[in-house]
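These two chains come separately, so use the hints to put the complex back together.
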Amino acid sequence: MRGDNLQLNEAGELRHFLSIEGLGREHLERILDIAESFAVLPGRQVKKVPLLRGRIVTNLFFENSTRTRTTFELAAKLLSADVINFNVSVSATSKGETLLDTLRNLEAMHSDLFVVRHAHSGAAHFIARHVAPGVSVINAGDGWHAHPTQAMLDMFTIRRHKGDFAPLRVAIVGDIQHSRVARSQIMALNTLGVTEVRIIGPCTLIPAEARSLGVHVYHDLDAGLEDVDVVIMLRLQRERMEGALLPSAHEYFQRYGLTEKRLERAKPDAIVMHPGPINRGVEMASEVADGPRSVILQQVSYGIAVRMAVMSMILGARGGEA
Amino acid sequence: MKELPRIHVRGGRLIDPANGIDDPLDLWLADGKVAAVGSAPDGFRADQVIDAGGQVVCPGLIDLGAYLREPGFEHKATIESETRAAARGGITTLVCMPQTEPVIDTPAVWELIRRRAKACGRARVLAVGALTQGLAGEQLAEMGALAASGCVAVSNGRNPLASTLVARRAMEYATTFRLPVLLCSEDPHLKASGVVHEGAVATRLGLPGIPAAAETVAVARDLALTEHTGCRSHFHTLSTGRAAEMIAQARAGNRRLSADVAIHQLFLMETDVDGFRAECRVDPPLRTHADRERLRQAVAEGEIKVICSDHQPHEADAKAQPFPATAPGISGLETLLPLTLKLVEEKVLALPQAIACLTAAPARVLGLDLGHLAPGASADLCIFDPDAVWRFHASEMASAGRNTPFDGWEFRGRVTHTLFEGRITFKLERP
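Listed in order, the protein sequences are those of chains S and X.
Its first residue numbered 1, the first sequence is counted upward by one per residue in this note's numbering.
Its first residue numbered 1, the second sequence is counted upward by one per residue in this note's numbering.
Don't read these hints as lab results, they were simulated from the structure.
Computed from a prediction, not measured in an experiment: that's the story for all the values here.
Backbone N, C-alpha and C define an ideal beta-carbon position, used for all residues, glycine too.
It cannot be assumed that every hint is accurate.
Chain S residues, not near chain X, derived (Cβ > 10 Å throughout) [stated by the list, open to error]:
no.: 1; residue: 25
no.: 2; residue: 28
no.: 3; residue: 37
no.: 4; residue: 73
no.: 5; residue: 131
no.: 6; residue: 192
no.: 7; residue: 196
no.: 8; residue: 216
no.: 9; residue: 218
no.: 10; residue: 237
Not everything, but these chain S residues come out facing chain X in the computed CB check (under 8 Å) [claimed, not checked]:
no.: 11; residue: 123
no.: 12; residue: 144
no.: 13; residue: 213
Here chain X stands alone, though its shape is the one from the complex (with noise of 0.2 Å):
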């Protein structure tokens, strides 16, 4: 393997919020890992320079929960394809669901996953086991072989639970290795066929909804369970604003729990899916006005302590269907940083509190030693130009789905570099 570069960033506002820092500082990195930050070491020769003069350097991303779609949906997209897209995304740590086929519920399919993405060598692939055999709700997937071979959470995704004894039971077992849960908390009987929120806009298209309460109802189950259970939970993509409060309230006496939003939650509405826009529809679906402004609150107040892109590639015919018949999810990774920069321009959140939550927060919420930039640390990065207005286009996307709704987008804070284990896997070429 070829010598890693070593590679002086200079002249750059480093926003470390793990370790408090947001300051005017140069890094040197070597070997992979950071080798100093604020002074050169002694006899430090850089093979390269990068002038990072009038950027943001921060941590690489940490996207918890994308679908990868390989093995098994490699035509919608592929690990090559998704860290290509991840790479333009600032991103350098990509959380793996285990809907891929088959699941991954034995350390075989989580190997085969990560021999891929090494060979891909753009960005780490981490993975969420299945917390049940072929995701099937049923019965637990071996979470031991799991926790040994590296996957670093369990979730049953937005599969249902047979019951709530096998939630219970799932938790429990969980807890044995401290693997934290992703709880896609969502209660199947109330969602029923539903493919909207249950609404005005629903009522007047005619389209099966998902009520409020689907949410909730399960939130409620889910938080009672981890009280229980004294399992490690973290609520993924939440999508009411009343289940930001109950957990909101609920972290008051467990500290531990956790809970993120997926950026296209803290600016799209129900409004968004009128005249059957495919590209917005999305599960869990969009919400109210309300639900949006609260859970922006969250965010704000450091209740929901992550975003995350909840990526999910499609091809072109998945969403060229019938409103009803078409696959929700939105291809998120090239996104992620532009939507959560625009919740600073809108003041929703400050800079170094913005990128906490797309690198320091989800390293904790997995216990990962990732996300910052102390001396040591892998020398993931992601350098942006805050001032850098541009407009986004699907066109464009290295992703292979292009199912967005942001296309057309001006944004306000462009990626120039991303650099995974102190290689450059992304510069921004100028027109």
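Just chain S, with the same shape it has in the complex (with noise of 0.2 Å):
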């Protein structure tokens, strides 16, 4: 793709984290294990680092998150740095100002780092491409694009529970067209090496030439689990059913919803993964979701130290540690 290098500096670091695109498995993995080294048992609070002391972190979020944007927040002050939250739904393009207006003006206020969220595929590529030389992106979620930090916490959560990637079938259910989280997945997994990547829903959620992707494509729920290592379920949007793209959530859980019976289908040892927020009822039942093969709860934990991971790969690799 071009502007693959557009995320690694002549050294072939990471300068910025736009997608999982253009990233080799070495990245990848130097991530996980960098994350490795911030990872506690869940419950326990994460030591405060002084990684990224006197460094600023700008949370740009163009659409609402409150999930993410504090994940990140929590993760760059484990760091030490300091942290700006820039909502600009309710600012500045409200007020006709442009994207680059508004990157200008928060330049001006020396961030080291911005964090950014936009419902537009390619907001963060724009922005990091515009950018001061100095100035890093990590792009938290860009229209259906891509969602890179999310992906690499679910491989972090992956590789915590089965250690290695080669053997895995990982099936993931739902939403695809609409699923930037979906996109980073697909291209994380098969970057590192999985045996198969399956997704799994109706056609009209399913996105064209998908196979392109590098893919097996399911219409059937059970016979899409058979013998899967990993289920991820996304999230579905209720818009999608005033669309045309779904007759109802009802009909969605009948064929789509995961239960224990379907899930008997996978390895007996299967995770059931999910992004959050959960619509129970929808994309699984309760007992699944609070059963003993949920990682969900576990996912939101790791969020931290991958996300602590990305930041100080990013800034670390300009100039040395603060």
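If you want it as structure tokens, here you go:
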């Protein structure tokens, strides 16, 4: 892809983190390894480290998100960075300011790193192309395109539970078409060398030429779950019912909702993941969400370690640690 | 007004496809018209001689469908800037689309454009009037008045019509005045919020797609309505191979049916958008390799007879946004001929055929006495050096819009002179 090395500096180190595409297996494994050093058991307090003391991280969110923004903020603070939260949907762009104007204004505040979420695919790439030379960008979700830190925390969760990626069969279930999470997960899983990635959903939620992503496409949940090691359920937005993509949440659950019974098709030690927040009774039954194979809450706590890893790599990659 | 110089164009290879000419022939121009071809008129004393040795002399190009942005969008471009760009590109006739502000749905707006163009004097500007009032797709525009005031065709551009019934009535009504209808056939519901071709690249980049069916569904409908109404339909800026096939098939029963393709569709593909390249965002979108090859074939076989620029100049800000927020369009006047000559270089078209696509064919679609160089014709000329190898730079464009994906491309064949109504409107300064 053009703009591949936009993410890497001359030494091949991470300069921005915009998408999984364009990064090699060694980059992804390094993120996971560094995240490992920050991760602690769930329920324990992560120790604050002074790696990014004196650095300024700006959360630049053009779309509302309490959850992702909070974990980025927490990750930055645990690295001793100063954090500015800039919620643009309620400020500048509503007054006619262009994205570039907003960016120039924020740059004047000497931010080292922008964490960007935007409704338009390609927004993080656009910002990365226009920031001042010393400034980095982390994509916290752009349109339907990419959400690479979410994908990496999912990879981290999988590695913690399964160890090696090579033998794994992974099924991603639901609204693939509108999911930046799914796109990043598919690319990360293939880069890390799993045996098979399956996507499962009705034809209306599977993107055009989906197989070009390196996946097997299933429309039948039972068939798709056969012998998988990891089941990733995606969130279903309510508005999909209005766009003539689905008849009803009820039918969706009937066909694609995960229940304990359906999960029997997967390997006995299969894990169940979900990027949250869950629609109980739509994507999955509560018995699964709260069941022994669910690792959904671990995903959330690992999110902090993975975001700490990415931030420290990006800001450490330039001119040593503060 | 200063008297026009009498010009002798000497030593060139004259290619005039409308008259079947491709020979080394001189031209003599007087009073803004072609005075003679091949042998000098009695007693002709030239005020000026243009040495066209080693060059091709052809009719000035006719660009069927350009957005000139004036009135209403002068921050993007003006008639003055775009006619200057046209002259640089060897274009002497610009067919202006009705998407101005106000829209060209009354003779008054057209009159304003006509006067501005006349004052600039670098190219002929003709207008496509609106098919519906305000291009809103509901109430018919006063096509009788538009025709009487000189609009050469009508179109609703890429603005959707409210219903198939409005489409039918508009085509019928246009037929009353023998107005050609330029159809940008596209189903707005299938297009929805799409910004690129619905295919592998859209899937990978997570960009909303425009399926090929958005075009083929609408072309099928418009072909059926053409048959029903007897409308003089011209399909403008096709993007899919399937639509080209459908039109070729329909042409077997209706030879008046015509179509064009924007030159960038014959070079670029969906993969060019990769990396979120906003300069490659166009409407209709760049499609697959197979589509591009099928469109090239349709041009080569004469099923698509016209190549246009689909010129859409933009200010820099319009493209400096995240991809889905950018404005579609390429500023194409200055690359229309160079790219078309590349088709000759790539052996898709013979040179006379390529020139016909830019001169005689668009004139014929609009029923204009232009695009040829018989004695008495308007002295609109494009003279180019077919062997000049040069590099195109966006920074050197005359158009106010520098939105081009062809920055840095190397071309063979460069315009050296453009003459409009017997006056030199562009002359290449040698470095």
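Taking the hints in turn, this is what the structure says about them:
no. : hint : result
1   : 25   : holds (19 Å)
2   : 28   : holds (18 Å)
3   : 37   : holds (32 Å)
4   : 73   : holds (23 Å)
5   : 131  : holds (13 Å)
6   : 192  : holds (18 Å)
7   : 196  : holds (19 Å)
8   : 216  : holds (15 Å)
9   : 218  : holds (17 Å)
10  : 237  : holds (15 Å)
11  : 123  : holds (4 Å)
12  : 144  : holds (3 Å)
13  : 213  : holds (6 Å)
Checked against the numbered hints given earlier, this structure breaks none of them.
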